[in-house]
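Trainee: Reminder that position 131 of the sequence shown reads as 781 in the numbering used here, one-by-one numbering, no gaps.
No lab work stands behind these hints: they were computed from the structure. Quantities reported herein were computed from a predicted structural model and do not represent experimental measurements. Treat the hints with caution; some may be incorrect.
[What the hints assert, rightly or not] Below, computed lysine-lysine pairings styled on DSS-like, alpha-carbon distance capped at 30 Å:
{"#": "1", "residue 1": "K779", "residue 2": "K754"}
{"#": "2", "residue 1": "K745", "residue 2": "K762"}
{"#": "3", "residue 1": "K779", "residue 2": "K718"}
{"#": "4", "residue 1": "K755", "residue 2": "K676"}
{"#": "5", "residue 1": "K745", "residue 2": "K779"}
{"#": "6", "residue 1": "K762", "residue 2": "K779"}
{"#": "7", "residue 1": "K718", "residue 2": "K745"}
{"#": "8", "residue 1": "K718", "residue 2": "K676"}
{"#": "9", "residue 1": "K718", "residue 2": "K755"}
{"#": "10", "residue 1": "K755", "residue 2": "K779"}
{"#": "11", "residue 1": "K754", "residue 2": "K718"}
{"#": "12", "residue 1": "K718", "residue 2": "K762"}
{"#": "13", "residue 1": "K755", "residue 2": "K745"}
[As the list claims (entries may be wrong)] Label-pair distances were calculated between CB atoms; the ranges are:
{"#": "14", "residue 1": "S731", "residue 2": "Q661", "range": "27 to 37 Å"}
{"#": "15", "residue 1": "E758", "residue 2": "A660", "range": "27 to 37 Å"}
{"#": "16", "residue 1": "S664", "residue 2": "E701", "range": "18 to 28 Å"}
{"#": "17", "residue 1": "G687", "residue 2": "F665", "range": "21 to 31 Å"}
{"#": "18", "residue 1": "G707", "residue 2": "E758", "range": "28 to 38 Å"}
{"#": "19", "residue 1": "K754", "residue 2": "S811", "range": "15 to 25 Å"}
Even for Gly, the Cβ is constructed at its ideal location relative to N, Cα and C.
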Amino acid sequence: VEAAARPDDAQNPSFATEAARDARAKELFGQLDEQYGSTSVGRVAKLYLAESARTAGDRATARTLWEKYLDQDPGSAVAASVRVNLFQLDREEGKAGALAENLKKMLEDPAKPLPADLLLYQLALTQEKLGQDGDARAAYRRIVDEHPQSPYLQVAQQKSSAPVGG
Numbered sequence: 651v652e653a654a655a656r657p658d659d660a661q662n663p664s665f666a667t668e669a670a671r672d673a674r675a676k677e678l679f680g681q682l683d684e685q686y687g688s689t690s691v692g693r694v695a696k697l698y699l700a701e702s703a704r705t706a707g708d709r710a711t712a713r714t715l716w717e718k719y720l721d722q723d724p725g726s727a728v729a730a731s732v733r734v735n736l737f738q739l740d741r742e743e744g745k746a747g748a749l750a751e752n753l754k755k756m757l758e759d760p761a762k763p764l765p766a767d768l769l770l771y772q773l774a775l776t777q778e779k780l781g782q783d784g785d786a787r788a789a790y791r792r793i794v795d796e797h798p799q800s801p802y803l804q805v806a807q808q809k810s811s812a813p814v815g816g
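With the sequences and hints as input, model every part of the structure.
Mentor: Structure below.
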């Protein structure tokens, strides 16, 4: 016997479909963002809404929400992840050339906004997207040489020694 959907049950909500569950979550996170947008709860709601928009193919809304998050909380632990999401959007939207230049500037900045190994990894991914395999290999090599404790070390080792075009 199948139970009826109970989306408004605060203790044990249930939904007829995943789409109904997602729609309700989006509605509730939207309310949190609207009512408490400048609080930590509201900022987390923005992150959920941004990822939901991106999953639905609405890159513009995702970008707007992620940028609003960064405007409100640029120094948070989650901000680095949000910036990486924006880097990925730039690559997906054909803005890799400008992104590569911005990443190079960030790497040159003594007060780097993100860890250098993360910036190098993002630069390498961007250069690969641009077909700049030699430059990408050089960025990966810098991770290997300059950041031996990096979480990107294994992929950097593989990519820095891979044949050009591989």
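Trainee: Next step is simple, just say for each hint if it's right about the structure.
Mentor: Evaluation of the provided hints:
1. K779 <-> K754: Distance ~15 Å between K779 and K754 Cα, so the pair holds.
2. K745 <-> K762: holds (21 Å)
3. K779 <-> K718: OK: K779 and K718 at ~27 Å, within 30 Å.
4. K755 <-> K676: It is violated: about 37 Å lies between the C-alpha atoms, which goes past 30 Å.
5. K745 <-> K779: Holds. K745 to K779 sits at ~10 Å (cutoff 30 Å).
6. K762 <-> K779: holds (23 Å)
7. K718 <-> K745: holds (20 Å)
8. K718 <-> K676: Holds - the C-alpha atoms of K676 and K718 are around 17 Å apart, at most 30 Å.
9. K718 <-> K755: holds (23 Å)
10. K755 <-> K779: holds (19 Å)
11. K754 <-> K718: Measuring from Cα to Cα gives roughly 24 Å; hence the hint holds.
12. K718 <-> K762: holds (21 Å)
13. K755 <-> K745: holds (16 Å)
14. S731 <-> Q661: 27 to 37 Å: With a Cβ separation near 31 Å, S731 and Q661 satisfy 27 to 37 Å, so the hint holds.
15. E758 <-> A660: 27 to 37 Å: Violated, since E758 and A660 (Cβ atoms, about 52 Å apart) do not stay within the stated range.
16. S664 <-> E701: 18 to 28 Å: At 23 Å between Cβs, range holds.
17. G687 <-> F665: 21 to 31 Å: Given a distance of about 26 Å, which is inside 21 to 31 Å, the answer is holds.
18. G707 <-> E758: 28 to 38 Å: Because 35 Å falls inside the window, the suggested range holds.
19. K754 <-> S811: 15 to 25 Å: holds (23 Å)
Checked against the numbered hints listed earlier, the structure breaks hints 4, 15; every other hint is satisfied.
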